[in-house]
Structure formats: structure tokens, C-alpha cells
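Build the full structure now, drawing on both the sequences and the hints.
First to last, the sequence lines map onto chains A and B. Everything in the first sequence is counted per this note's numbering, starting at 1 for the first residue and increasing by one. Everything in the second sequence is counted per this note's numbering, starting at 116 for the first residue and increasing by one.
Quick caveat, the hints were computed from the structure, so don't treat them as lab data. Hints are not guaranteed to be accurate.
Distance ranges between label pairs, derived from CB positions [stated by the list, open to error]:
1. A:Ser28 to B:Gly131: 42 to 48 angstroms
2. B:Met156 to A:Ser12: 21 to 27 angstroms
3. B:Met156 to A:Thr45: 32 to 38 angstroms
4. B:Ser195 to A:Val112: 38 to 44 angstroms
5. A:Pro40 to B:Asn180: 26 to 32 angstroms
6. B:Pro198 to A:Ala79: 43 to 49 angstroms
7. A:Ala79 to B:Ser133: 29 to 35 angstroms
8. A:Arg72 to B:Thr169: 33 to 39 angstroms
Beta carbons are placed, not taken as given, at the ideal position from N, Cα and C, and that holds for glycine.
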Amino acid sequence: KQEVTQIPAALSVPEGENLVLNCSFTDSAIYNLQWFRQDPGKGLTSLLLIQSSQREQTSGRLNASLDKSSGRSTLYIAASQPGDSATYLCAVRKGGTDSWGKLQFGSGTQVVVTP
Amino acid sequence: NAGVTQTPKFRVLKTGQSMTLLCAQDMNHEYMYWYRQDPGMGLRLIHYSVGEGTTAKGEVPDGYNVSRLKKQNFLLGLESAAPSQTSVYFCASSYLAGGRGTGELFFGEGSRLTVL
Numbered sequence: 001k002q003e004v005t006q007i008p009a010a011l012s013v014p015e016g017e018n019l020v021l022n023c024s025f026t027d028s029a030i031y032n033l034q035w036f037r038q039d040p041g042k043g044l045t046s047l048l049l050i051q052s053s054q055r056e057q058t059s060g061r062l063n064a065s066l067d068k069s070s071g072r073s074t075l076y077i078a079a080s081q082p083g084d085s086a087t088y089l090c091a092v093r094k095g096g097t098d099s100w101g102k103l104q105f106g107s108g109t110q111v112v113v114t115p
Numbered sequence: 116n117a118g119v120t121q122t123p124k125f126r127v128l129k130t131g132q133s134m135t136l137l138c139a140q141d142m143n144h145e146y147m148y149w150y151r152q153d154p155g156m157g158l159r160l161i162h163y164s165v166g167e168g169t170t171a172k173g174e175v176p177d178g179y180n181v182s183r184l185k186k187q188n189f190l191l192g193l194e195s196a197a198p199s200q201t202s203v204y205f206c207a208s209s210y211l212a213g214g215r216g217t218g219e220l221f222f223g224e225g226s227r228l229t230v231l
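Given below as C-alpha cells:
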């Protein structure tokens, strides 16, 4: 069974510092990996999706990398702002048509950016 | 652009009562999902659907039933609510991965259910 781990569980940084969030998975046979943001009491918002054939994906201040062989993805947020405070989750979709309904989620990293 | 809409957003039930959560999406997605989110347990898949008229069990299906009579709607039912079903429920949808889309998931805002 795919295990997805996010360490640390919580992170606090001063405004302006770059954020580095980690996601590890045990089975490298993935279809894609998706990063989400969740604000308190809200749903999940998709940030970036990386296909298994890609090494990285970028959107504005966000950059996500993928290393399938080592079972790792990293989300970088440049020049953090207080508005970046949220919980960040990664989710892995296994390859194969019978698994497309089943994303495996990490437990998330709670980020606080202090002014 | 509504995306994924869940109703109701909050509900309090007594043990043994029944209820239905409604999820509607306007993106013409084939796939729809129901998740529950609990502290320390993360997001767990309850049931999902790969198209109109089809449903499948996820990781924690016991105590829930679902129906997908129309492509845009996915209903989650609790026939006899139990305190263990107190949770936040999220609906999500996606295009069929590998076909027209990447399988990227879009979530609703959640439905907070308390069973007393």
C-alpha cells in the first residue's frame, strides 16, 4: 500500500523567508502528484500537479519538484507572506486504470508565516 | 464559476437518524469522490464514481451509500448515523486521467456533520 508522509507536521517562518515543504512516498509507480492548500474550515485548493514524466512544475512563487526514484516531492514557496499561512497537503495518484479513484494523501504540513 | 458545490454545509444529527449530502459539479467531470477528514487520520476516500450510474467503494465505505444518477451530481447517504461518523465531508471531481485530463482533483468547501 502506498504510504505518503509529510515532515515536518508544522513549520513557522518569518515573512520573506523561502518555504520548503517535503512529501515522501513509498511506491514510485505513480501517475501524478498533486499539491493542495487548505485554509482553516475550508476545502482543498489545487496548487500544482506534476505528472510522473515531469521533474518540476511552476506557478508564480510556487515550484514543485518530483524525484520518482527516491520517492520525494518538494514544494518551494519563494518570499513567503502571511497570506501563505495554511496547511499544505500532497497527494499521490497510483498508476493503472483501476487505481484512478484512489489518491493517497499525506497528513499535511501546517505553515505559519509571521509578519 | 461554481466548480464543486456541497449542501448542506453544516448539520447536526442524532444517533440513528438518516441524511443525504449533495455534491454538484459544473465542470462536466467524469469522476466524483467523497472523502472524510478527521484530525490525525487525514483524508480518507469513502466512495467514488467513474461515471453516471456507476459507484465504487473506497477506503472507508461502511455505513455510507452513494448514488450517481446524473453526471453532475453525487449523493452521499447515511442510513443510520453513528457518533463515529462525526467528521468533515469533502466532495471532489476530476476529468478522467489520461484522457482529456490529468486527473487533477477539485474540491468542494466541505460539509461539517456532527452526530450526537
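Here's how the hints hold up against the structure:
1. A:Ser28 and B:Gly131 have their C-beta atoms about 46 angstroms apart, which keeps the hinted 42 to 48 angstroms range intact.
2. Between B:Met156 and A:Ser12 the beta carbon distance is about 24 angstroms. The supplied range of 21 to 27 angstroms therefore holds.
3. Between B:Met156 and A:Thr45 the CB atoms are about 21 angstroms apart, so this pair departs from the stated range of 32 to 38 angstroms.
4. Checking the proposed 38 to 44 angstroms range against B:Ser195 and A:Val112 shows it holds: the Cβ atoms sit about 41 angstroms from each other.
5. Distance hint for A:Pro40 and B:Asn180: a CB-CB separation of about 30 angstroms, consistent with the stated range 26 to 32 angstroms.
6. Separated by about 45 angstroms at the C-beta atoms, B:Pro198 and A:Ala79 satisfy the suggested range of 43 to 49 angstroms.
7. The hint said 29 to 35 angstroms for the Cβ distance between A:Ala79 and B:Ser133, and at roughly 50 angstroms that hint is violated.
8. Between A:Arg72 and B:Thr169 the Cβ separation comes to about 35 angstroms, which falls inside the hinted range of 33 to 39 angstroms.
Hint compliance for this structure: hints 3, 7 are broken, all remaining hints hold.
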